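The residues making up each chain are set out below.
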Amino acid sequence: MRWIGILPLRLRMLFSRGRAARQLDRELEFHLDRQVAENLAAGMSPGEARAAALRAFGNPALLRDQARATWSWSTLESLLRDLRYSIRALLRAPGFAATAILVMALGIGANIALFTVVRGVLLKPLPYPNPDRLVTLYERHDGGGSLGQFNPVDAGSFYEWQRSSPGVEQMAMVSPFMKYNVSTQRGELPERIDAGWCSWNFFSILGVQPALGRTFVASDDESSAQATVILSARFWKRRYAADPAIVGKTIWLDARPYTVVGVLPSWFVYSSAFGGSNIQAWTPIGHDAPQDLLRTFANHEMIVAARLKPGVTLEAVLSHLAAVQAQIKKSHPDPGVHGAVNGRTMLDDGVHNYKTPLFALLAATACVLLIACMNVAGLLVARSAARARETAIRTVLGGGRLRLMREGLVESALIALVAGAAGIGIASAALQFLVHFQPDMHRIESVRIDGGVLLFTFAAIAACALFSGLISVMSTESKHLLGALQESSRSSRGSHSRALFRKTLLVLEVSLTVVLLAGAGLLLKSYQRMRGTDLGIPIDNTLTMRVSLPEARYKEPAQQVAFFEQLIARVRALPGVEAAGLISTAPGQGWSGDSLADIVEHPLRPESYLDAHRRGADPGYFAAARLPLLRGRIFASDERLAHANVAVISRSAAQQLFPQEDPIGKHLRFDFNHQVLEIIGVVGDTRWDIHEPVMPTLYAPIYGNEYNSATIFVRSPHNVESLALLIQGIVGQLDPDLPVSDVMTLRDTIGKSTLDNQFDSLLVLAFAVIALVLAAAGLYGVLAYLVTQRTGEIGIRMALGAPRPQVLRLVLADGLRPALLGLLVGLAASASTGRLIVSMLYDTRPLDAGIYAAVAATLLFVATIACLLPAWRASRIDPMQALRTE
Amino acid sequence: MGKPSDLVQGTLDLLILKTISLEPMHGWAIARRIQQVSGEVLQVQQGSLYPALHRLEQQGWIKAKWNESETGRQAKFYSLTAAGRRQMEAESANWGRLSAAINIVLGEA
Numbered sequence: 001m002r003w004i005g006i007l008p009l010r011l012r013m014l015f016s017r018g019r020a021a022r023q024l025d026r027e028l029e030f031h032l033d034r035q036v037a038e039n040l041a042a043g044m045s046p047g048e049a050r051a052a053a054l055r056a057f058g059n060p061a062l063l064r065d066q067a068r069a070t071w072s073w074s075t076l077e078s079l080l081r082d083l084r085y086s087i088r089a090l091l092r093a094p095g096f097a098a099t100a101i102l103v104m105a106l107g108i109g110a111n112i113a114l115f116t117v118v119r120g121v122l123l124k125p126l127p128y129p130n131p132d133r134l135v136t137l138y139e140r141h142d143g144g145g146s147l148g149q150f151n152p153v154d155a156g157s158f159y160e161w162q163r164s165s166p167g168v169e170q171m172a173m174v175s176p177f178m179k180y181n182v183s184t185q186r187g188e189l190p191e192r193i194d195a196g197w198c199s200w201n202f203f204s205i206l207g208v209q210p211a212l213g214r215t216f217v218a219s220d221d222e223s224s225a226q227a228t229v230i231l232s233a234r235f236w237k238r239r240y241a242a243d244p245a246i247v248g249k250t251i252w253l254d255a256r257p258y259t260v261v262g263v264l265p266s267w268f269v270y271s272s273a274f275g276g277s278n279i280q281a282w283t284p285i286g287h288d289a290p291q292d293l294l295r296t297f298a299n300h301e302m303i304v305a306a307r308l309k310p311g312v313t314l315e316a317v318l319s320h321l322a323a324v325q326a327q328i329k330k331s332h333p334d335p336g337v338h339g340a341v342n343g344r345t346m347l348d349d350g351v352h353n354y355k356t357p358l359f360a361l362l363a364a365t366a367c368v369l370l371i372a373c374m375n376v377a378g379l380l381v382a383r384s385a386a387r388a389r390e391t392a393i394r395t396v397l398g399g400g401r402l403r404l405m406r407e408g409l410v411e412s413a414l415i416a417l418v419a420g421a422a423g424i425g426i427a428s429a430a431l432q433f434l435v436h437f438q439p440d441m442h443r444i445e446s447v448r449i450d451g452g453v454l455l456f457t458f459a460a461i462a463a464c465a466l467f468s469g470l471i472s473v474m475s476t477e478s479k480h481l482l483g484a485l486q487e488s489s490r491s492s493r494g495s496h497s498r499a500l501f502r503k504t505l506l507v508l509e510v511s512l513t514v515v516l517l518a519g520a521g522l523l524l525k526s527y528q529r530m531r532g533t534d535l536g537i538p539i540d541n542t543l544t545m546r547v548s549l550p551e552a553r554y555k556e557p558a559q560q561v562a563f564f565e566q567l568i569a570r571v572r573a574l575p576g577v578e579a580a581g582l583i584s585t586a587p588g589q590g591w592s593g594d595s596l597a598d599i600v601e602h603p604l605r606p607e608s609y610l611d612a613h614r615r616g617a618d619p620g621y622f623a624a625a626r627l628p629l630l631r632g633r634i635f636a637s638d639e640r641l642a643h644a645n646v647a648v649i650s651r652s653a654a655q656q657l658f659p660q661e662d663p664i665g666k667h668l669r670f671d672f673n674h675q676v677l678e679i680i681g682v683v684g685d686t687r688w689d690i691h692e693p694v695m696p697t698l699y700a701p702i703y704g705n706e707y708n709s710a711t712i713f714v715r716s717p718h719n720v721e722s723l724a725l726l727i728q729g730i731v732g733q734l735d736p737d738l739p740v741s742d743v744m745t746l747r748d749t750i751g752k753s754t755l756d757n758q759f760d761s762l763l764v765l766a767f768a769v770i771a772l773v774l775a776a777a778g779l780y781g782v783l784a785y786l787v788t789q790r791t792g793e794i795g796i797r798m799a800l801g802a803p804r805p806q807v808l809r810l811v812l813a814d815g816l817r818p819a820l821l822g823l824l825v826g827l828a829a830s831a832s833t834g835r836l837i838v839s840m841l842y843d844t845r846p847l848d849a850g851i852y853a854a855v856a857a858t859l860l861f862v863a864t865i866a867c868l869l870p871a872w873r874a875s876r877i878d879p880m881q882a883l884r885t886e
Numbered sequence: 001m002g003k004p005s006d007l008v009q010g011t012l013d014l015l016i017l018k019t020i021s022l023e024p025m026h027g028w029a030i031a032r033r034i035q036q037v038s039g040e041v042l043q044v045q046q047g048s049l050y051p052a053l054h055r056l057e058q059q060g061w062i063k064a065k066w067n068e069s070e071t072g073r074q075a076k077f078y079s080l081t082a083a084g085r086r087q088m089e090a091e092s093a094n095w096g097r098l099s100a101a102i103n104i105v106l107g108e109a
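Protein chains in written order, with the working numbering: chain A, 1 to 886; chain B, 1 to 109.
Take these hints with a grain of salt, some might be off.
Covered stretches of chain A, as calculated for chain B (at least 3 residues, CB under 8 Å) [claimed, not checked]: (1) 3 to 15; (2) 57 to 66; (3) 407 to 417; (4) 600 to 610.
These are calculated hints, taken from the structure and not from any lab test. Bear in mind that the values here come from a model prediction, so they are computed numbers and not experimental data. For glycine and all other residues, C-beta sits at the position ideal for the given N, C-alpha and C.
Work out the full structure, taking the sequences as your base and the hints as a guide.
As structure tokens, this is what we get:
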């Protein structure tokens with residue numbers, strides 16, 4: 001019960017310490033006075049009495065301190081005192097304080113920003129109930145390269161899986177590739193939106209409750225049902241002004257009426273490896289998809305989302321489904337049918353493209369932070385060197401080594417704290433910038449500074465403080481007290497060990513900088529290669545835009561052809577248009593489906609069928625695109641509708657199918673609809689995506705062959721963007737309810753698809769530059785410090801006849817040696833870790849001699865400049881002055 | 001009388017507790033009383049007295065109060081707490097056992 005009694009005392013000690021101190025003084029004074037009085041009574045004179053009393057009393061200051069040492073909270077008191085001293089010391093050296101804080105703030109800020117992104121994108125679970133039970137299922141097509149590993153599923157296989165999958169609670173099909181024309185209803189413009197088809201139970205699998213209305217029920221998912229649609233919150237707010245009575249209203253998609261049955265909550269975003277984050281409307285797949293698509297085993301347009309039963313693993317489900325799929329392949333031996341399955345968690349599905357780049361960036365920021373901490377540690381060591389005499393005196397007077405260490409730690413903790421606060425500011429600014437720059441990144445909506453991030457911040461601050469403080473404090477040696485106390489320190493072994501310490505730090509800093517520089521160099525080279533990649537056609541001054549004719553208004557192929565022909569004729573008539581054509585999908589603008597084809601004249605084995613992109617083109621397209629004709633001819637204008645069974649193939653298709661013979665006149669048969677086309681010409685290759693290798697392509701006439709959507713391809717001698725509005729006007733004249741979408745130049749297309757790579761490489765380059773500046777500053781600091789320490793020695797050398805250039809070379813070599821060592825270590829480290837970012841590189845090998853040479857040259861150049869100033873100053877030392885200051 | 005012997009910290013605490021168990025006293029009076037009662041054998045150094053007093057106060061064995069002293073000036077008077085009284089009795093008993101044991105050993109030798 002003692003502690004209850006002493007509680008009031010403890011509180012008094014904490015809050016009115018000053019008063020207690022004054023009381024102690026009075027107590028001691030009282031004692032002294034009584035002693036003096038006793039001495040006077042014993043007969044001494046007043047002076048003697050006082051002197052004798054003081055002698056018996058002892059040192060009042062020491063007495064006071066010893067009494068105070070027994071008080072509670074004394075550790076806290078000395079900690080607060082250390083804090084006050086540190087603040088004063090930092091305010092006295094504003095240059096050092098500002099530099100250290102700024103350097104560390106940059107490092108901490110970058111790490112906080114990136115950690116927030118990594119946490120939001122990769123680590124946070126999906127916002128659905130029991131998200132670890134959600135998986136995405138695919139088929140595997142081993143002949144399809146990397147894209148075939150997670151291949152979309154065909155509806156036929158899906159229904160088989162649904163029939164026999166014991167470990168799965170529910171599964172649903174999703175097709176996030178759809179687009180719909182939304183018609184004008186109240187005078188607003190028609191627009192084309194991204195949409196998704198899904199099974200009726202898709203939202204209940206995820207566990208998403210609608211914000212308005214309801215989600216689909218089984219009866220919606222039939223072809224005979226009334227057309228229903230569920231809107232995304234963003235679309236509802238934007239186009240329908242958040243109309244609270246939207247449920248039950250009709251909207252027109254592709255010129256057909258759809259009843260709105262519900263609106264999704266605003267936090268809901270569907271992220272998958274095939275996109276979907278921009279889906280504005282969902283419709284039931286059983287109703288909207290063509291019936292043959294729902295029965296085929298060879299056409300793969302679906303992603304399967306599934307919720308596993310509790311306790312069931314993904315592997316178990318996959319092995320079961322593998323057996324089912326193998327059976328399907330056996331009973332449908334079509335080459336378009338795949339025989340294996342694959343799957344991953346839904347979280348992994350959405351973000352796996354970002355894993356490597358994000359972790360690479362995180363490693364880069366960690367490097368920068370390490371360099372920053374080492375720089376600050378170096379600065380602290382320099383400061384402690386300047387205060388060596390003060391420290392020595394304090395140690396001699398009885399200050400414990402632990403106390404002095406604690407003071408050093410408090411100082412670095414203070415710097416880290418202020419830097420951390422500034423770092424949070426930098427991080428939130430950087431995050432705003434990121435959200436603005438990359439709004440399409442998956443799960444960008446969950447990137448937020450929250451409690452977890454703040455916790456990370458504190459941990460980072462503490463780690464920095466400990467790291468910088470400990471290594472700067474450990475460098476002080478109490479063994480060399482005597483040397484520190486002496487005026488002249490010619491045998492300055494204490495400063496030598498400090499210098500060695502700082503040099504070691506420098507080697508590490510330089511090696512980290514080299515790693516960052518190498519990484520930045522590789523990414524930049526990869527990006528350059530990517531930008532320089534040929535799409536197959538000249539891309540300057542080209543404009544593309546898409547129109548899609550709704551089946552409800554353009555039922556007959558003749559109607560579609562008539563529209564397109566009128567459209568392209570009017571576009572060609574515009575002033576400023578050099579050439580124009582129609583193509584179903586332009587080069588660089590996406591996959592747009594592939595088809596398998598067999599040669600009629602000498603049939604191939606099914607595994608060797610040609611897997612080609614099928615495109616529709618009008619006769620004028622090839623000239624507009626400047627796609628070179630290599631053999632044969634282009635379509636004639638009467639090769640359309642019923643007479644449209646001709647094809648122009650690309651060079652790679654010709655090489656694959658007809659390596660030794662002339663392809664002209666041969667016939668190809670398509671596997672999915674058994675259509676036979678005669679080959680009439682061979683043109684050059686194009687790429688469907690700037691990152692991917694060339695794929696064989698086949699062009700059929702777009703006037704016929706059931707093409708109801710097309711890309712208008714326009715080439716102009718200059719200023720092609722100005723034509724966009726004019727062309728949209730032409731479309732509007734021909735059909736006021738027809739929207740135009742994806743208006744962009746080919747250069748924009750490439751820019752959009754290389755945006756990620758550009759962003760990553762620029763970011764790493766920025767880090768590398770920061771690291772280089774920090775390393776150079778560190779190098780300069782160490783060398784300047786060394787020169788100051790060795791002033792006497794240099795003076796003696798000069799007095800003994802050493803020429804100035806020799807002194808310059810001496811000091812320069814001393815500074816460049818750690819830089820060189822750091823370079824070698826850094827290059828070795830880059831060589832061994834380069835493998836890790838291979839997936840981010842395009843046409844660039846991680847062990848690139850050119851890049852390494854460039855990095856080495858840059859580093860040596862910067863290092864030489866950093867060392868030059870102190871070395872030059874050393875060579876300018878007047879030996880007389882140097883010797884006199886000893 | 002030989003040189004005054006140094007007092008170990010634990011025994012100083014015990015002496016202080018015993019001295020103020022009869023009546024509250026200030027530091028000067030405690031030192032004087034110990035000196036007197038021991039016949040000038042035990043001299044308490046000021047350097048150990050006040051740290052001991054403050055430590056005992058922080059630990060809760062004694063409590064302090066400012067009062068008017070015999071000279072008319074204000075002084076800090078220390079007195080025992082209940083816990084302090086129990087501690088004093090326990091320490092006294094310990095000391096008795098310890099000194100008896102030492103005496104036996106010395107008697108043997």
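Results of checking the hints against the structure:
1. 3 to 15: holds (count 5)
2. 57 to 66: holds (count 5)
3. 407 to 417: Violated, because only 0 residues of the stretch 407 to 417 of chain A bring their Cβ atoms closer than 8 Å to Cβ atoms of chain B.
4. 600 to 610: It is violated: at least three residues are needed, and the stretch 600 to 610 of chain A offers just 0 whose Cβ sits closer than 8 Å to chain B.
When each numbered hint is compared with the structure, violations occur for hints 3, 4.
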